[in-house]
Amino acid sequence: MLAAACGAQAQDGVTETVAQAKVLMRSGEAGAAQARSLFQQAAGQGSGPAAYYLGLMLKNGMGGEPDSVAALRWVELAARRQVAPAMFIAANMLASSDAAKARHWLEAACALEYPEALMQKAIALQEGTMAYTKDQKQSVLYFRMAEHAMGHRQPEL
Amino acid sequence: MSTALRLLILPLAPVLLTACSTLPASTPAGSTATLALLETTDLHANVLSYDYYKLQDEPSIGLERTAALIARARAEFPNNLLLDNGDTIQGTALADYQALVKPLACDQTLAIYKAMNLLKVDGGGIGNHEFNYGLAFLSQVTGNQFDVDSVDATKPRCAGPQFPQVLANVYSVKSGKPLFAPYHIIDKQITAVGADGKLMTSTVKVGIISFAPPTIMSWDKRWLEGRVYTQGVRETAEKFIPEMRAKGAELVVAISHGGLDNSPYSPTMENANYYLSQVPGVDAMLIGHSHQLFPNAASTVPQFNLPGVDKARGLVNGVPTVMANLWGKHLGVIGLRLRHDGKQWVIDKAQTTVEARGIQNADKSYVQADPAIAKLVATEHAATIAYVQTPVGSTDFRMSTYFADVGDISAIEVVNQAQTGYLAAYVKANLPQYANLPVLSMSSPFKSGSAGVSDFTDVKAGNVALNNAADLYLYPNALYGVKMTGAELKAWLEHSAQRFNTIDPNQTAPQELINTAHPSYNFDTITSKDVSYEIDVTQPPGQRIKRLAYQGKAVDMQQQFLIATNNYRASGGGNFPGLDGSKTVLASPDNNRDLLIAYVTQEKQLTRAKNGAARSWRFASATTKGPVVFHTAPNVLALAQAAGIDNVTLLKADDGAGKGFALYQLDLSK
Chain X
164 MLAAACGAQA QDGVTETVAQ AKVLMRSGEA GAAQARSLFQ QAAGQGSGPA
214 AYYLGLMLKN GMGGEPDSVA ALRWVELAAR RQVAPAMFIA ANMLASSDAA
264 KARHWLEAAC ALEYPEALMQ KAIALQEGTM AYTKDQKQSV LYFRMAEHAM
314 GHRQPEL
Chain F
914 MSTALRLLIL PLAPVLLTAC STLPASTPAG STATLALLET TDLHANVLSY
964 DYYKLQDEPS IGLERTAALI ARARAEFPNN LLLDNGDTIQ GTALADYQAL
1014 VKPLACDQTL AIYKAMNLLK VDGGGIGNHE FNYGLAFLSQ VTGNQFDVDS
1064 VDATKPRCAG PQFPQVLANV YSVKSGKPLF APYHIIDKQI TAVGADGKLM
1114 TSTVKVGIIS FAPPTIMSWD KRWLEGRVYT QGVRETAEKF IPEMRAKGAE
1164 LVVAISHGGL DNSPYSPTME NANYYLSQVP GVDAMLIGHS HQLFPNAAST
1214 VPQFNLPGVD KARGLVNGVP TVMANLWGKH LGVIGLRLRH DGKQWVIDKA
1264 QTTVEARGIQ NADKSYVQAD PAIAKLVATE HAATIAYVQT PVGSTDFRMS
1314 TYFADVGDIS AIEVVNQAQT GYLAAYVKAN LPQYANLPVL SMSSPFKSGS
1364 AGVSDFTDVK AGNVALNNAA DLYLYPNALY GVKMTGAELK AWLEHSAQRF
1414 NTIDPNQTAP QELINTAHPS YNFDTITSKD VSYEIDVTQP PGQRIKRLAY
1464 QGKAVDMQQQ FLIATNNYRA SGGGNFPGLD GSKTVLASPD NNRDLLIAYV
1514 TQEKQLTRAK NGAARSWRFA SATTKGPVVF HTAPNVLALA QAAGIDNVTL
1564 LKADDGAGKG FALYQLDLSK
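Here the protein sequences line up with chains X and F, keeping their order. Here this note's numbering is used: the first residue of the first sequence is 164, the next is one more, and so on. Here this note's numbering is used: the first residue of the second sequence is 914, the next is one more, and so on.
In isolation and in its complexed conformation, chain X is listed as follows (with noise of 0.2 Å):
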């Protein structure tokens, strides 16, 4: 009981974190080095979201220099802890590198409903793209399950 007390406070203190780090890494460059740090230190402890989110700093060159390498590998982590915005960007990242790598991040966030994902499997599905064999009834149907997961989308994380 007392573990799960302290585990359920580590928890929060994670949260925390990542909800401190998220207004540095928006009010601008200032913050954006601490940003990172904190990012890194709470997705050290397992958080999904810092992951993903220290993801996007390396990818965009926020508070150092981009690293394309280094933001996919935090991206990816953060899609293996069921982030879909992540596994989301993790299919674009890999889109033009690595198709299977990225249909099956494109499927995993299907799973979990994500808009996006939904309706980029949609067009896939339509064209004949991303190793998805061309399926116009299939598509239609993705479509809609897209418009319709836009109606009940997960809050930021």
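According to the in silico footprint, chain F covers these stretches of chain X (three or more CB under 8 Å from chain F):
| # | segment |
| --- | --- |
| 1 | 217-226 |
| 2 | 255-264 |
| 3 | 274-282 |
| 4 | 303-316 |
Quick list of simulated restraints, FRET-style, between CB atoms:
| # | chain 1 | residue 1 | chain 2 | residue 2 | range |
| --- | --- | --- | --- | --- | --- |
| 5 | X | E319 | F | K1152 | 29 to 37 Å |
| 6 | X | E179 | F | A984 | 53 to 61 Å |
| 7 | F | K1538 | X | R236 | 44 to 52 Å |
| 8 | X | E192 | F | E1156 | 54 to 62 Å |
| 9 | F | T1067 | X | E192 | 57 to 65 Å |
| 10 | X | R236 | F | Q1518 | 51 to 59 Å |
| 11 | F | G1465 | X | A193 | 31 to 39 Å |
| 12 | X | T178 | F | D1417 | 52 to 60 Å |
| 13 | F | D1417 | X | E319 | 43 to 51 Å |
| 14 | X | T178 | F | A942 | 48 to 56 Å |
| 15 | F | A942 | X | E270 | 45 to 53 Å |
| 16 | X | R236 | F | T945 | 57 to 65 Å |
| 17 | X | E179 | F | G1161 | 43 to 51 Å |
| 18 | F | A1263 | X | E319 | 42 to 50 Å |
Keep in mind the hints are simulated off the structure, nothing from the lab. Backbone N, C-alpha and C fix where the C-beta goes; we use that ideal spot for every residue, glycine too.
Starting from the structure of chain X, add chain F where the hints point.
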């Protein structure tokens, strides 16, 4: 009741059986029965197998086809209850028509409920989308009189469905009472097999209770805030199930509009059924919302691999559970094997079966629709089609994408205008800190022949109707706004310009202009009198955007802009630099297509001068030794000329590829 008396009754008329079955303790211990729970979920007003935007049949969906599965299941399981999980009344143009365009009269019943009445639905839950049209509408169409703010208490009770609807975890702020009856106990008469092996009639008391995702409070905040509140699914079940048992419920069926999630429990969690299954007294769960099939042994969905979840047998922590996908594509079937213990019916979970049956046959065809449903809603269906075809405005020019790759903006500018107008108004009203930033918009040609020579946007001059708006804005996106610097804006345009191959001016052989690996929907462009730029296709990708100017001055790389786009792009679709959610300042719930419709409705008459002439980009001038070519539909050159594209000529009416395209030449020197 003695065995002798029972034997005497058995061959008699059903009316006598019914009378006798209501006697208490009429069912002896050891009697058995099978009771099937049939689930529909997330029907989303798909009464018929029809796509209202395409105005064509869509046999893979629709309650009129689920009806065939229901009939079969009822033949197989004479003891059955047909229960709906919710998200029933919203989701098609038919639903919008009945809620918004010609709101349902008090004495009328929604088309979806009419069909459900015909199918003799026994009970229903309430989903999140039931709240989309507001509390007054929901109160009316469900035949309720909600005691909440925003609902006129003096209005009479209106027509509703003919089956009980329950919802346990949404409460009125005003009264502190549940909005709907939290549960209902159905006295279900069944045919059972007595301990002596003979048929008999009995009654089983089935309690149904339903839950909506507490997250409705954010999704429909504008309707619900200050008027209703939610309680957690687990707490609500713990409160009401003992009460249901005390009132005689022998079985408790939880109709819970949510999926499975084993994140730590919270009273606001959206998909709480993993925890609901652990509440004592839950005998079966009919779930939904996440539009999945359960059971499904082949599923790779992570939530179906949680500890305690048996995705092959359809058990969640031992509780028989089904989720029947969406739009009437499947029917959930739980075959509860019941045994009477002398006091009440109890479930033999080991013998219980769970399935989700589809409307698609093994040979890929679909089950036949029940013609009675189409007949029943023919008037509403016809009215919806007429509504979709109703002009919302007109255009004095043909809006098409045949030449969008070479600068025709006739089908692009109106989208950008609608998006810009929306974002500018939003900023003015809600984001004063950005009031001084220029507002721009990006849009792309969604249809550029990738699916064949007819796959182009083409809205003829004349009336513009709702289905034309779907042609102009194909995808179901939502309007998003992002804040970008001049450098990021340029990088965005550079990425878009990958639509083109790098043209070698010295090559004499024909060169293809279009890089088909970069789809047209990723060719975002600006159409604004304030912005101009050139695309130099003789340069490699990343170095093609030249002379980017805002209001006649070169864009400062530090200057900030607000740019209207869509959720797909703003969230990382297409892997555009800087566009990954980190620059989003507005994540609107409003659909780009809807705001385009609103724009056309407001403008009334679209004209070429006003809505199809602001070309922000041109190709940088270059002299090439050989022809630069591209493919589009034949017989449309006049459209390019009408759009002011004067550097295109027809080379071949048939490009020889056998798909009906023509070959055109682009003169980059003009």
